[in-house]
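Participant: Chain residues, written in single-letter form:
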Amino acid sequence: MSEQDSFEERLRQAQARRGKDPGSAKAGLPRGNWGVGFRAGVELVSSLVVGIGIGWFLDRWLGTWPWLFLVFFVLGSAAGVLNVYRLFAPRGRP
Amino acid sequence: MDALSQFELKPVFGALGDAVGFTQSSAHMLLAVGIITALMMLGTRQRALIPGRVQALAESAYEFIHDLVTGQIGDEGKRFFPFVFSLFMFILVGNLLGLLPYAFTFTSHIAVTFALAAVVFLLVTIVALAIHGTKFFGYFFPEGAPKALAPLIIPIELISYLSRPVSLSVRLFANMVAGHVMLKVFATFVVLIGGSAGVLGVLGASLPLALNVALVGFEILVAFLQAYVFAILTSIYLHDAVHLH
Numbered sequence: 001m002s003e004q005d006s007f008e009e010r011l012r013q014a015q016a017r018r019g020k021d022p023g024s025a026k027a028g029l030p031r032g033n034w035g036v037g038f039r040a041g042v043e044l045v046s047s048l049v050v051g052i053g054i055g056w057f058l059d060r061w062l063g064t065w066p067w068l069f070l071v072f073f074v075l076g077s078a079a080g081v082l083n084v085y086r087l088f089a090p091r092g093r094p
Numbered sequence: 095m096d097a098l099s100q101f102e103l104k105p106v107f108g109a110l111g112d113a114v115g116f117t118q119s120s121a122h123m124l125l126a127v128g129i130i131t132a133l134m135m136l137g138t139r140q141r142a143l144i145p146g147r148v149q150a151l152a153e154s155a156y157e158f159i160h161d162l163v164t165g166q167i168g169d170e171g172k173r174f175f176p177f178v179f180s181l182f183m184f185i186l187v188g189n190l191l192g193l194l195p196y197a198f199t200f201t202s203h204i205a206v207t208f209a210l211a212a213v214v215f216l217l218v219t220i221v222a223l224a225i226h227g228t229k230f231f232g233y234f235f236p237e238g239a240p241k242a243l244a245p246l247i248i249p250i251e252l253i254s255y256l257s258r259p260v261s262l263s264v265r266l267f268a269n270m271v272a273g274h275v276m277l278k279v280f281a282t283f284v285v286l287i288g289g290s291a292g293v294l295g296v297l298g299a300s301l302p303l304a305l306n307v308a309l310v311g312f313e314i315l316v317a318f319l320q321a322y323v324f325a326i327l328t329s330i331y332l333h334d335a336v337h338l339h
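Read top to bottom, the protein sequences are chains A and R. The first sequence begins at 1 in our numbering and counts up by one. The second sequence begins at 95 in our numbering and counts up by one.
Hints in this document: simulated from the structure, not taken from any laboratory. Everything numeric in this text was worked out from a predicted model, so none of it was measured. From the three backbone atoms N, C-alpha and C, an ideal C-beta is built for every residue, glycine too. Don't take each hint at face value.
What the hints assert, rightly or not - Restricting the straight-line Cα-Cα distance to at most 25 Å, the calculated cross-link-like pairs of lysine to any residue (SDA-like) are:
1. K241(R) - A14(A)
2. K172(R) - A209(R)
3. K278(R) - F38(A)
4. K229(R) - L68(A)
5. K241(R) - V71(A)
6. K172(R) - N33(A)
7. K241(R) - R10(A)
8. K104(R) - L143(R)
9. K241(R) - G311(R)
10. K278(R) - P105(R)
11. K241(R) - V74(A)
12. K241(R) - V81(A)
13. K172(R) - K104(R)
14. K172(R) - L11(A)
15. K278(R) - A121(R)
16. K172(R) - A14(A)
17. K278(R) - L70(A)
18. K278(R) - A78(A)
19. K172(R) - A304(R)
20. K229(R) - R10(A)
21. K172(R) - Q13(A)
22. K241(R) - R86(A)
23. K241(R) - Y85(A)
24. K241(R) - G35(A)
25. K241(R) - A78(A)
26. K278(R) - A304(R)
27. K172(R) - L29(A)
28. K241(R) - L29(A)
29. K241(R) - L68(A)
30. K172(R) - R10(A)
31. K278(R) - K229(R)
Claimed, not checked - For the chain R half of the interface with chain A, some residues (derived, Cβ under 7 Å), not all of them:
32. S154
33. P249
34. R265
Please model the complete structure; the sequences and the hints are all you need to start from.
Facilitator: Next comes the structure, spelled out in structure tokens:
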């Protein structure tokens with residue numbers, strides 16, 4: 001039993017050394033209310049901006065205004081929500 | 095005197111600077127690089143067992159980023175230490191320089207912060223491609239997701255990935271601009287109120303002045319915090335690139 005424990009302990013240490021400890025990730029980021037709120041806002045807006053940018057550019061290129069713009073607007077919003085979700089979700093893929 | 099004129103770029107160093115478009119922003123970047131180089135060179139010259147002030151400063155900066163990088167990325171992170179350290183020191187010194195009177199904050203320009211974020215983004219992508227090859231593209235489609243959802247998931251993941259440099263640069267830029275605009279606005283209040291109504295005006299002006307003193311302290315905190323956030327997010331992105339999960 002104790003051998004098992006020491007193995008688990010060594011495994012955890014080795015994983016932490018390789019940066020795979022799920023607990024340590026993101027622990028360093030500031031956790032203040034304003035900081036988190038601002039980060040969430042920036043993530044949401046920047047995804048939307050990237051989505052709109054891609055849609056607008058593709059539309060100009062392919063001459064399909066405004067359809068791709070609308071599609072990428074929605075996709076950008078979804079990506080923004082996904083980013084905010086990842087901000088709060090524990091590390092590891094959802 | 096408006097609050098935004100402080101961000102205007104003006105060529106310096108006479109006709110030569112004018113000809114090549116060498117602005118006060120570039121001058122402050124050079125100054126920042128000079129300060130960092132001087133700090134690290136002076137700090138490591140003595141190599142004392144018991145460090146003096148400059149050596150202690152250089153060592154604590156080094157150890158701070160070293161712990162951050164190895165803590166976030168793991169042992170492989172040591173390869174990226176020089177990159178993250180340069181990035182952190184450049185942003186930190188730039189932020190702090192901008193708080194001095196008459197100085198210019200080059201991190202308050204989206205062009206500068208976006209260039210830094212783009213370098214990070216390119217490095218992260220190249221590292222991920224170099225280590226994992228085509229497996230990197232699996233990053234955009236989580237394992238076990240239904241194939242039918244691919245047309246929806248891949249563009250969303252792609253946009254989410256592409257939004258990284260945007261959010262990274264906008265965060266730093268917006269924080270610096272907001273802080274400096276606030277400082278300027280309250281400083282204008284001091285002048286306007288103080289010069290308007292004699293003794294009463296001077297009494298009234300002490301209020302925004304006190305607020306400005308507190309704001310400068312807060313801005314020093316923000317200068318450190320934003321450089322730290324930039325460095326730690328770079329490390330997190332590099333962690334994703336190295337381990338790819």
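Participant: If a hint holds in the structure, say so; if it does not, say that too.
Facilitator: Tested hints:
1. Taking the CA atoms of K241(R) and A14(A), the gap is about 35 Å. The hint is violated against a cut of 25 Å.
2. With a C-alpha separation of about 24 Å, the suggested pair K172(R) and A209(R) falls inside the 25 Å cut-off, and the hint holds.
3. The straight-line distance between the Cα atoms of K278(R) and F38(A) is roughly 22 Å, inside the 25 Å bound, and the hint therefore holds.
4. Distance check on the hinted pair: K229(R) and L68(A) sit about 28 Å apart at the alpha-carbon level, beyond 25 Å; violated.
5. Restraint check for K241(R) and V71(A): satisfied, since their Cα atoms lie roughly 20 Å apart, inside the 25 Å limit.
6. Proximity of K172(R) to N33(A) is assessed by CA-CA distance (about 32 Å); at most 25 Å being required, the pair is judged violated.
7. Between K241(R) and R10(A) the CA atoms are separated by roughly 38 Å; this puts the pair beyond 25 Å, and the hint is violated.
8. This hinted pair does not check out: K104(R) and L143(R) have alpha carbons roughly 46 Å apart, beyond 25 Å.
9. With a C-alpha separation of about 53 Å, the suggested pairing of K241(R) with G311(R) is violated against the 25 Å cut-off.
10. Taking the CA atoms of K278(R) and P105(R), the gap is about 22 Å. The hint holds against a cut of 25 Å.
11. For a cut-off of 25 Å, the pair hint linking K241(R) to V74(A) stands: about 21 Å separates their Cα positions.
12. Between K241(R) and V81(A), the direct Cα distance comes to roughly 22 Å. Compliance with the 25 Å bound is thereby established for this hinted pair.
13. Proposed proximity of K172(R) and K104(R) is contradicted: the alpha carbons are some 39 Å apart, above 25 Å.
14. For the suggested pair K172(R) and L11(A), the alpha carbons sit about 21 Å apart, so the restraint of at most 25 Å is met.
15. Proximity of K278(R) to A121(R) is assessed by CA-CA distance (about 22 Å); at most 25 Å being required, the pair is judged to hold.
16. With a CA separation close to 16 Å, the supplied pair K172(R) and A14(A) stays within the 25 Å bound.
17. Between K278(R) and L70(A), the direct Cα distance comes to roughly 40 Å. Violation of the 25 Å bound is thereby established for this hinted pair.
18. Only pairs whose Cα atoms come within 25 Å are accepted, and K278(R) paired with A78(A) is rejected, the gap being roughly 38 Å.
19. For the proposed pair K172(R) and A304(R), the alpha carbon gap of about 44 Å is over 25 Å, so the pair is violated.
20. For the given pair, K229(R) sits about 29 Å from R10(A) by alpha-carbon distance, which is inconsistent with the 25 Å threshold.
21. A hinted pair counts as satisfied when its Cα atoms are at most 25 Å apart, and K172(R) with Q13(A) qualifies at roughly 18 Å.
22. A C-alpha spacing of about 22 Å is found between K241(R) and R86(A), which places the hinted pair at or below 25 Å, so the restraint holds.
23. As the CA atoms of K241(R) and Y85(A) are separated by approximately 22 Å, the hinted pair is consistent with the 25 Å bound.
24. A threshold of 25 Å between alpha carbons decides the hint, and for K241(R) with G35(A) the separation of about 37 Å lies outside it, so the pair is violated.
25. The straight-line distance between the Cα atoms of K241(R) and A78(A) is roughly 19 Å, inside the 25 Å bound, and the hint therefore holds.
26. The suggested pairing of K278(R) with A304(R) holds, with an alpha-carbon distance near 14 Å, which does not exceed 25 Å.
27. Using a Cα cut-off of 25 Å, the hinted pair K172(R) and L29(A) holds, with the two alpha carbons roughly 20 Å apart.
28. Distance hint between K241(R) and L29(A) is unfulfilled; the C-alpha atoms sit about 35 Å from each other, more than 25 Å.
29. Distance check on the hinted pair: K241(R) and L68(A) sit about 22 Å apart at the alpha-carbon level, within 25 Å; holds.
30. Note on K172(R) and R10(A): the hinted pairing holds, with a Cα-Cα distance of about 22 Å set against a maximum of 25 Å.
31. Of the pairs offered as hints, the one joining K278(R) and K229(R) is violated, with about 50 Å between alpha carbons and a cut-off of 25 Å exceeded.
32. The restraint placing S154(R) at the interface with chain A is violated, with a minimum CB-CB distance near 16 Å, outside the 7 Å limit.
33. Interface hint status for P249(R): upheld, as the beta-carbon distance to the closest one in chain A is roughly 5 Å, under 7 Å.
34. Hint status for R265(R) relative to chain A: holds, with the closest Cβ pair at about 5 Å, below 7 Å.
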